[in-house]
Amino acid sequence: AAVRLCRGRALLSRVRGAPRLLRGLAAGPEMHFGFQSVTEEERREKIYQVFENVAKKYDVMNDSMTLGIHRVWKDILVHKMNPSPGTLLLDVAGGTGDIAFRFINYVRSVRERQLQRKLKHHQNLSWQEIFENYQEDKFSTLGDSQVVVCDINREMLKVGKQKAQHLGYSEGLSWVLGNAEELPFDDDKFDVYTIAFGIRNVTRIDLALQEAYRVLKPGGRFLCLEFSHVSNPLLSRLYDLYSFQVIPVLGEVIAGDWKSYQYLVESIRQFPPQEELKAMIEDAGFFKVDYENLNFGIVAIHSGFKL
Amino acid sequence: VRCQRYPPLRALQASAVLRRVSDEHKKEPFTSSSQQQFDPHPAGHQPEQEPQGPHPSYTGQGGQESEDYESEEQLQRRILTAALEFVPEHGWTAEAIAEGAKTLGLSVAAAGMFHSDGSDLILHFVSECNAKLSELLEKEQKLVQLGEAEKKPTDEFLRDAVEARLRMLIPYIEKWPQALSILLLPRNIPSSLSLLTSMIDDIWHYAGDQSTDFNWYTRRAVLTGIYNTTELVMLQDSSPDFEDTWRFLENRVADAMNMSNTASQVQSTGEAVVQGLMGAAVTVSNAETSRALR
Numbered sequence: 001a002a003v004r005l006c007r008g009r010a011l012l013s014r015v016r017g018a019p020r021l022l023r024g025l026a027a028g029p030e031m032h033f034g035f036q037s038v039t040e041e042e043r044r045e046k047i048y049q050v051f052e053n054v055a056k057k058y059d060v061m062n063d064s065m066t067l068g069i070h071r072v073w074k075d076i077l078v079h080k081m082n083p084s085p086g087t088l089l090l091d092v093a094g095g096t097g098d099i100a101f102r103f104i105n106y107v108r109s110v111r112e113r114q115l116q117r118k119l120k121h122h123q124n125l126s127w128q129e130i131f132e133n134y135q136e137d138k139f140s141t142l143g144d145s146q147v148v149v150c151d152i153n154r155e156m157l158k159v160g161k162q163k164a165q166h167l168g169y170s171e172g173l174s175w176v177l178g179n180a181e182e183l184p185f186d187d188d189k190f191d192v193y194t195i196a197f198g199i200r201n202v203t204r205i206d207l208a209l210q211e212a213y214r215v216l217k218p219g220g221r222f223l224c225l226e227f228s229h230v231s232n233p234l235l236s237r238l239y240d241l242y243s244f245q246v247i248p249v250l251g252e253v254i255a256g257d258w259k260s261y262q263y264l265v266e267s268i269r270q271f272p273p274q275e276e277l278k279a280m281i282e283d284a285g286f287f288k289v290d291y292e293n294l295n296f297g298i299v300a301i302h303s304g305f306k307l
Numbered sequence: 001v002r003c004q005r006y007p008p009l010r011a012l013q014a015s016a017v018l019r020r021v022s023d024e025h026k027k028e029p030f031t032s033s034s035q036q037q038f039d040p041h042p043a044g045h046q047p048e049q050e051p052q053g054p055h056p057s058y059t060g061q062g063g064q065e066s067e068d069y070e071s072e073e074q075l076q077r078r079i080l081t082a083a084l085e086f087v088p089e090h091g092w093t094a095e096a097i098a099e100g101a102k103t104l105g106l107s108v109a110a111a112g113m114f115h116s117d118g119s120d121l122i123l124h125f126v127s128e129c130n131a132k133l134s135e136l137l138e139k140e141q142k143l144v145q146l147g148e149a150e151k152k153p154t155d156e157f158l159r160d161a162v163e164a165r166l167r168m169l170i171p172y173i174e175k176w177p178q179a180l181s182i183l184l185l186p187r188n189i190p191s192s193l194s195l196l197t198s199m200i201d202d203i204w205h206y207a208g209d210q211s212t213d214f215n216w217y218t219r220r221a222v223l224t225g226i227y228n229t230t231e232l233v234m235l236q237d238s239s240p241d242f243e244d245t246w247r248f249l250e251n252r253v254a255d256a257m258n259m260s261n262t263a264s265q266v267q268s269t270g271e272a273v274v275q276g277l278m279g280a281a282v283t284v285s286n287a288e289t290s291r292a293l294r
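Protein sequence lines, in the order shown, are assigned to chains A and B.
Anchor point for the first sequence: position 170 equals 170 in full-length UniProt numbering, and the numbering is continuous, going up by one each time.
Anchor point for the second sequence: position 150 equals 150 in full-length UniProt numbering, and the numbering is continuous, going up by one each time.
For the record, the hints were derived by calculation from the structure and aren't laboratory data.
All the given hints hold, so there is nothing to weed out.
Pairs of lysine-lysine, DSBU-like flavour, derived with a Cα cap of 35 Å:
1) B:Lys-132 to A:Lys-118
2) B:Lys-102 to A:Lys-80
3) A:Lys-120 to B:Lys-175
4) A:Lys-288 to B:Lys-132
5) B:Lys-175 to A:Lys-118
6) A:Lys-189 to B:Lys-102
7) B:Lys-175 to A:Lys-80
8) A:Lys-80 to A:Lys-118
9) A:Lys-288 to B:Lys-175
10) A:Lys-161 to B:Lys-102
11) B:Lys-132 to B:Lys-175
12) B:Lys-102 to B:Lys-132
13) B:Lys-102 to A:Lys-118
14) A:Lys-288 to B:Lys-102
15) A:Lys-120 to B:Lys-102
16) A:Lys-80 to A:Lys-46
Hey, can you work out the whole structure from these sequences and the hints?
Given below as structure tokens:
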């Protein structure tokens with residue numbers, strides 16, 4: 001019964017907030033926090049608290065809620081990015097570093113393949129020349145690629161840094177505290193901007209998109225991985241059932257926090273569907289905007305270029 | 001808070017990279033493209049345009065594209081053209097495209113606009129070569145029309161056209177086998193096949209073929225076979241300036257000419273045989289009738 005009530009309210013708020021522009025331009029009043037309606041400031045605070053609470057159990061909960069499939073989604077995102085060595089990546093809302101670590105792994109393996117190919121061409125080198133090839137500074141294992149992980153939440157960054165240390169990632173990685181709506185970076189700096197499962201929690205999505213446009217180099221790419229709208233009706237019902245009945249329970253059992261996971265599930269329902277997000281990205285100035293549905297729309301990857 | 005104003009109309013937006021078309025020496029792409037889509041042999045089509053014409057934009061911004069700024073397709077073509085010079089080093093890969101984008105001042109991430117197997121680069125190169133070939137044949141035709149050159153016999157014309165087209169592969173010949181294998185992937189076959197058939201069609205058109213019967217198909221099939229086999233021979237030819245390849249080409253074209261003669265000979269022989277049989281049958285039946293009457 002509680003679920004049905006919530007869904008009714010969700011429909012109402014969706015009808016009220018129909019014009020896309022209005023949704024982002026709330027001057028103080030009516031914003032959504034899950035299915036509740038709060039002010040902008042309240043929303044930012046509440047979201048900060050949510051992530052402060054879940055930070056330590058974030059990865060465990062991700063695995064149990066999505067049955068490990070979130071790893072595949074993140075792999076697909078990095079494969080779609082297909083970064084070449086020398087790429088500068090900005091991972092916003094990248095808290096615990098999942099995308100950053102995958103990026104580093106990918107670039108490392110591309111670099112190794114490049115090195116192998118280079119050596120294959122030099123079949124008749126003397127040992128001296130081969131030695132010199134290995135010594136070349138420009139053949140570093142990462143090839144000057146770098147990733148900057150930016151997150152608004154100190155706790156999430158703390159967990160991320162600990163993970164990096166634990167897994168042995170040190171080179172080419174930096175951690176910055178910052179707000180996606182107002183990034184502490186100069187214009188035209190980054191090759192790729194990613195935001196994985198973070199844009200849903202941004203209060204002013206249009207500002208975040210504008211900031212993304214600003215910090216990207218010309219030709220740079222914007223990639224957004226986020227929960228989205230399932231159009232298949234049967235799957236949608238199963239998904240709703242799972243979301244509202246199972247996930248908050250898991251939250252209580254594993255992390256001792258029902259409300260944060262109730263917020264999570266509600267925020268997914270409140271988030272604009274694929275086409276709407278695509279239009280918002282185009283409004284920010286990106287070209288060749290497209291999206292790819294994963295798992296029938298449970299998750300979608302949006303991509304745009306600053307041309 | 002940094003205040004940035006983004007005007008609502010995308011057409012007016014000062015794009016970071018797409019530059020004014022007036023800066024380039026190309027004509028307005030939109031008017032000529034619609035012509036190209038329906039007219040397979042335009043009288044004087046632009047050398048830089050692919051024979052297929054620029055595709056309509058599918059990103060949903062179509063109606064708003066300003067005619068002052070270059071379109072995304074034009075930018076993509078510029079990137080691919082710039083990427084060609086990196087092909088001998090990196091092969092037909094996304095890396096070459098990334099290097100090409102870098103030379104234009106774009107981020108390496110711009111290579112993400114294209115498919116990761118490098119097929120976009122190859123298809124772009126093939127269509128550019130086809131366009132160059134058409135331009136060449138057009139020029140030759142003009143010279144013949146003006147009376148400044150002799151009209152070549154068909155076999156020589158075909159030989160020269162195929163040789164000219166294959167010579168365009170020479171700078172990339174090391175990596176061409178890789179390109180062919182990518183073009184044969186099921187995903188790419190429709191596009192590569194259509195580029196091939198339009199090129200062959202072009203050559204026959206300029207050779208003066210105006211057939212409207214089954215010959216149309218036979219001629220194109222034969223020339224496609226000649227072109228493909230010569231291309232394969234060229235890939236493993238190590239003679240100076242590919243002499244062996246051109247000799248092979250000469251022989252194949254001669255074979256094709258003989259075959260058409262043989263075909264008509266076979267037809268007339270067949271007709272003669274049939275007539276002979278008919279005659280024999282009539283004679284036999286006359287003989288039977290006269291025997292019956294006796």
